[in-house]
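Protein chains in written order, with numbering that gives the first Met the number 0: chain Z, 0 to 414; chain R, 0 to 102.
Source of the hints: derived by calculation from the structure; they are not laboratory data. It is possible that part of the hints are untrue.
Claimed, not checked - Some chain R residues close to chain Z (C-beta under 10 angstroms, calculated; not the full set):
1. THR59
2. ALA60
3. LEU61
4. ILE63
5. GLY65
6. LYS68
7. ILE74
8. LYS75
9. PHE77
10. TYR78
11. PRO82
12. GLY84
13. LYS87
14. ALA99
Even for Gly, the Cβ is constructed at its ideal location relative to N, Cα and C.
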Amino acid sequence: MKRIVILGAGSGGTMLARHLFKKLPHDLYKITLVDPEARHYYQPGFLFLPFGQIEPEACYRPKTDFIPKGIQLKTDRALIIKPDIQQITLENGQHMHYDVLVVATGTHIAPEETPGMLGEGWRKDVFDFYSFEGAMALREKLAHWQGGRLVVHITETPIKCPVAPLEFAFLADAYFDEKGLRDKVQITYVTPLSGAFTKPRAAAKLGHLLEEKQIDIVTDFAIQEVDNAGKRIVSYDGIEVPYDLLVTVPTNLGDPVVANSGLGDDFGFLPVDKKSLQHRQYPNIFSLGDATNVPTSKAGSVAHFQSELLAANITRYLMGLPVRQDFDGHANCFIETGYGKALLIDFNYETEPVEGTFPIPGIGPMQLLTETRMNHLGKQAFHWIYFHMLLEGRSIPFVSPQMKVSGKKLNQITR
Amino acid sequence: MEKIIAGVTVDVNAEGYLTQISQWNENIASAIAVEEEVGPLGPKHWEVLKYLRDQQSRGTALSIRGIGKSGVVDIKTFYELFPNGPLKKASKIAGIPKPASCI
Ligand SMILES: Cc1cc2nc3c(=O)[nH]c(=O)nc-3n(C[C@H](O)[C@H](O)[C@H](O)COP(=O)(O)OP(=O)(O)OC[C@H]3O[C@@H](n4cnc5c(N)ncnc54)[C@H](O)[C@@H]3O)c2cc1C
Numbered sequence: 000m001k002r003i004v005i006l007g008a009g010s011g012g013t014m015l016a017r018h019l020f021k022k023l024p025h026d027l028y029k030i031t032l033v034d035p036e037a038r039h040y041y042q043p044g045f046l047f048l049p050f051g052q053i054e055p056e057a058c059y060r061p062k063t064d065f066i067p068k069g070i071q072l073k074t075d076r077a078l079i080i081k082p083d084i085q086q087i088t089l090e091n092g093q094h095m096h097y098d099v100l101v102v103a104t105g106t107h108i109a110p111e112e113t114p115g116m117l118g119e120g121w122r123k124d125v126f127d128f129y130s131f132e133g134a135m136a137l138r139e140k141l142a143h144w145q146g147g148r149l150v151v152h153i154t155e156t157p158i159k160c161p162v163a164p165l166e167f168a169f170l171a172d173a174y175f176d177e178k179g180l181r182d183k184v185q186i187t188y189v190t191p192l193s194g195a196f197t198k199p200r201a202a203a204k205l206g207h208l209l210e211e212k213q214i215d216i217v218t219d220f221a222i223q224e225v226d227n228a229g230k231r232i233v234s235y236d237g238i239e240v241p242y243d244l245l246v247t248v249p250t251n252l253g254d255p256v257v258a259n260s261g262l263g264d265d266f267g268f269l270p271v272d273k274k275s276l277q278h279r280q281y282p283n284i285f286s287l288g289d290a291t292n293v294p295t296s297k298a299g300s301v302a303h304f305q306s307e308l309l310a311a312n313i314t315r316y317l318m319g320l321p322v323r324q325d326f327d328g329h330a331n332c333f334i335e336t337g338y339g340k341a342l343l344i345d346f347n348y349e350t351e352p353v354e355g356t357f358p359i360p361g362i363g364p365m366q367l368l369t370e371t372r373m374n375h376l377g378k379q380a381f382h383w384i385y386f387h388m389l390l391e392g393r394s395i396p397f398v399s400p401q402m403k404v405s406g407k408k409l410n411q412i413t414r
Numbered sequence: 000m001e002k003i004i005a006g007v008t009v010d011v012n013a014e015g016y017l018t019q020i021s022q023w024n025e026n027i028a029s030a031i032a033v034e035e036e037v038g039p040l041g042p043k044h045w046e047v048l049k050y051l052r053d054q055q056s057r058g059t060a061l062s063i064r065g066i067g068k069s070g071v072v073d074i075k076t077f078y079e080l081f082p083n084g085p086l087k088k089a090s091k092i093a094g095i096p097k098p099a100s101c102i
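One chain only, chain Z, in its complex shape (with noise of 0.2 angstroms):
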């Protein structure tokens, strides 16, 4: 019996796990699943988590819901990966042999790498909304907070969901519009990068938008510290940014499981091979989701794309066929923008997001690079259809893992 053994039972992972156990004989090959949290968790729902605008319980369900038998679930952390013995080591020192190593651990914050960060003012005026905890207790501040200067910030890229600070910022001014309390909020968004977003056509949309909603922006700021008692970000050559309020996406690192085995990049993500997910020197380890270096956005999305065609590439591997350079680069992701309207950006390894169509080239319903209510009303059915389709291992409708060209207007200039 060979055994097929994923660490980390997330979006990536399970999908991933579901997809296998579609097409592999059971007798012949064992899949197990390793991961500490019992609670999956609908992270896109830690957004509207701060403004109320989701219950807490509607953001996680227990991971076996998702996990058929059949499929086993290890209830532990990996500490070590040994590639040269197929071995992990887990946290309850067992060890266990692997013939498939599928990497889904993930990306987390780590405030700790920023000096000042996890300072007297953590969780009091200095937030982050990536993880549950954070959102939680930025929910309560923001039930009382009688307004000041909010600053929204990114620590370093990559992180995940790249745009969830944008929405963070759009979905803030709607929210202290909607309490009365907007002209006494000043929302300022600093980011390391020179623009609103990484690629071109859509950080001209996305900051004409800020401009729209009277937020400003501070680009290419590389933060050195915060500083609690004067309540300011500073930044390595030396500008600051006054705070009453910071929301800061913190530096987003790799599980240690794959540094502490020597085989993470500068923040710990794997290197695998863009387009097959394969790890280059050791062909039986592959990866999916946020925990890869591939040059794409780290989203649930990207994950969902990516098991589909991860599953058949291990399928081929474990068949002694060559593995498939399948993987474009796809992602897909909503962009809120306040009062019930989101935008749409579909893009991958080569083609920026633009405007057009989606799913339907020509139809829609969805508009990309456009903002409407039914894009709106898009990102909330996702909820919906992470936790019963997705999880699941079924696809979208018209929504195929590579992506569309056709229904894109690829040549237009936007604004």
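The hints should help you fit chain R with the ligand onto chain Z, whose structure is shown.
The following block gives chain R with the ligand in isolation, referenced to the frame of chain Z:
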């Protein structure tokens, strides 16, 4: 496109980054440094540039975080040496491609 830097014709892209690593030399680096308002290059600058070229030739992706951990220079000093976007500027002066913008 071609450009004459320090008396030598080299191939550059639209943003002025050398496209052939082998066309680089120290005079070219000094000339780009002046153009980029980094000023005259001192021993520490050269140390960093050498490190960047070494990493590049090994195929390692460069990040400010990685440079900070390298032991060659700390991040604060890196910013002092190459003000306003140190990684972009230092890469240009080192004659290596612009670091892939993050996603
Ligand atoms: C605020 C916010 C908003 C977001 N919004 C969107 C959105 O609108 N659309 C979208 O597509 N994506 C969104 N995302 C991103 C999305 O949630 C992630 O990209 C996705 O969950 C990645 O899946 P993954 O399997 O790689 O990682 P995860 O789902 O995070 O799972 C990783 C798992 O690995 C486990 N693990 C970690 N270390 C170990 C170890 N050593 N041993 C064993 N197990 C381990 C963890 O417990 C976890 O269960 C958002 C994220 C955030 C934070």
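So, going through the hints one by one against the coordinates:
1. With its C-beta approaching chain Z no nearer than about 8 angstroms, R/THR59 sits inside the 10 angstroms limit, and its interface hint holds.
2. Annotation: R/ALA60 was flagged as interfacial toward chain Z, and the flag holds, the nearest CB pair being 7 angstroms apart, inside 10 angstroms.
3. A least Cβ separation of about 9 angstroms between R/LEU61 and chain Z falls short of the 10 angstroms threshold, and the interface hint therefore holds.
4. At its closest, the beta carbon of R/ILE63 sits 7 angstroms from a beta carbon of chain Z; the interface hint therefore holds under the 10 angstroms criterion.
5. Taking 10 angstroms as the C-beta cut-off, the interface hint given for R/GLY65 holds, the closest approach to chain Z being about 4 angstroms.
6. The restraint placing R/LYS68 at the interface with chain Z holds, with a minimum CB-CB distance near 7 angstroms, inside the 10 angstroms limit.
7. At its closest, the beta carbon of R/ILE74 sits 6 angstroms from a beta carbon of chain Z; the interface hint therefore holds under the 10 angstroms criterion.
8. Taken as an interface hint, R/LYS75 checks out: its beta carbon lies about 6 angstroms from the nearest beta carbon of chain Z, inside 10 angstroms.
9. Restraint check, R/PHE77 versus chain Z: the minimum CB separation of about 8 angstroms is within 10 angstroms; hint holds.
10. This hint holds: R/TYR78 has a C-beta 4 angstroms from the nearest C-beta of chain Z, less than the 10 angstroms allowed.
11. Interface hint status for R/PRO82: upheld, as the beta-carbon distance to the closest one in chain Z is roughly 6 angstroms, under 10 angstroms.
12. Because the smallest distance between the Cβ of R/GLY84 and any Cβ of chain Z comes to about 6 angstroms, under 10 angstroms, the interface hint for this residue holds.
13. Annotation: R/LYS87 was flagged as interfacial toward chain Z, and the flag holds, the nearest CB pair being 9 angstroms apart, inside 10 angstroms.
14. A least Cβ separation of about 6 angstroms between R/ALA99 and chain Z falls short of the 10 angstroms threshold, and the interface hint therefore holds.
Every hint, counting from the list given before, is met by this structure.
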